[in-house]
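Chains as they are written, first to last, in UniProt numbering: chain X, 1 to 61; chain P, 1 to 61; chain Y, 1 to 61; chain V, 1 to 61; chain G, 1 to 61; chain S, 1 to 61.
Heads up, none of these hints are tricks.
Put simply, identical chains are the same to the list, so a pair is met inside one copy or across any two.
With a straight-line Cα cutoff of 27 Å, these simulated DSS-like cross-link-like pairs (lysine-lysine) come out:
id, residue 1, residue 2
1, Lys48, Lys36
2, Lys48, Lys7
3, Lys36, Lys58
4, Lys7, Lys58
5, Lys23, Lys48
6, Lys23, Lys36
7, Lys18, Lys58
8, Lys7, Lys23
9, Lys36, Lys7
10, Lys18, Lys48
11, Lys18, Lys7
Simulated from the structure, these hints should not be mistaken for laboratory data.
Note that the structure is predicted; figures quoted are calculated from it, not measured.
There are 6 protein chains.
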Amino acid sequence: MPYVTVKMLEGRTDEQKKALVEKVTAAVSETVNAPKENITVFIEEMSKNHYAVGGVRKSDE
Amino acid sequence: MPYVTVKMLEGRTDEQKKALVEKVTAAVSETVNAPKENITVFIEEMSKNHYAVGGVRKSDE
Amino acid sequence: MPYVTVKMLEGRTDEQKKALVEKVTAAVSETVNAPKENITVFIEEMSKNHYAVGGVRKSDE
Amino acid sequence: MPYVTVKMLEGRTDEQKKALVEKVTAAVSETVNAPKENITVFIEEMSKNHYAVGGVRKSDE
Amino acid sequence: MPYVTVKMLEGRTDEQKKALVEKVTAAVSETVNAPKENITVFIEEMSKNHYAVGGVRKSDE
Amino acid sequence: MPYVTVKMLEGRTDEQKKALVEKVTAAVSETVNAPKENITVFIEEMSKNHYAVGGVRKSDE
Chain X
1 MPYVTVKMLE GRTDEQKKAL VEKVTAAVSE TVNAPKENIT VFIEEMSKNH
51 YAVGGVRKSD E
Chain P
1 MPYVTVKMLE GRTDEQKKAL VEKVTAAVSE TVNAPKENIT VFIEEMSKNH
51 YAVGGVRKSD E
Chain Y
1 MPYVTVKMLE GRTDEQKKAL VEKVTAAVSE TVNAPKENIT VFIEEMSKNH
51 YAVGGVRKSD E
Chain V
1 MPYVTVKMLE GRTDEQKKAL VEKVTAAVSE TVNAPKENIT VFIEEMSKNH
51 YAVGGVRKSD E
Chain G
1 MPYVTVKMLE GRTDEQKKAL VEKVTAAVSE TVNAPKENIT VFIEEMSKNH
51 YAVGGVRKSD E
Chain S
1 MPYVTVKMLE GRTDEQKKAL VEKVTAAVSE TVNAPKENIT VFIEEMSKNH
51 YAVGGVRKSD E
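Pulled out of the complex, with its shape left as it was, chain X reads as follows (with noise of 0.2 Å):
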């Protein structure tokens, strides 16, 4: 605990993965107080025609 997921856009690399997980992790960490080794985090990705905002799909943009 605590859990973290993070939902975004499909297309970033591996290096910007593994780059937010650790510091989402460390951020977490110093600010409730707890060990980095109880955080898990979890990306989802999604496609651009599955993602909307303002009932226009990015891929319809």
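Since chain X is already given, all that's left is putting chains P, Y, V, G and S on it; use the hints.
Frame of chain X, contents of chains P, Y, V, G and S only:
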């Protein structure tokens, strides 16, 4: 805000997904009095072997 | 199927939630060709201190 | 109702997933007194580069 | 890993929830060959006015 | 985009939550190259009787 997630079996056409996102956004906007541009929709697809009702997966029916 | 989750700030009236569920169900049924009785809607409410855009919670604006 | 989501690393066989869904449905039915046909199970798989404990992804261990 | 979420209407007793968590953990452990100590279970409760099937909330039936 | 959900046991102070949201937003912005104003954070709290590791709820330990 609001954030809407629609989880469904894979297999819908791109036109159906486009219409889904438009109509759901309109329905939410109209009923909770939120401007359309503030509404986000995510589509999540699942495969038949990852979805079960009554203990039986759709792929096993 | 489908399963729809609507996540929004608390504060909507019961009438708004009732209408939301009806209209969203109709929008999904019409666009993905699913019978209404197969559609499930979940409402999830969040408080202003648990929701942030741009690093600032709604309760801190 | 209830709705059960099992999130796990990819790699389980189809037989394991079939058994998982059957046994979890039985466990829920028995303990919360719900008929099996009312219980839904979703499986969500994640890849090793999208899952981290302690800030380190499984793909980087 | 795995992470299991059970979403259900509020109203179950504490004894039912305790048994639910035990039995679901055992079912997952047995079928996907994961040690029990690696399995996490979350319970999420919903109220009758936040849950609808067929466009009708449980609170309106 | 991205959308970040932090799920944790209840009990953190409001100051901790405020800092959590700020630091996590910064960490995401920096690592995936997204402007802060596009990043959304949701906090979800759970109670000790709704969270179990190894089949034992935190409220039963």
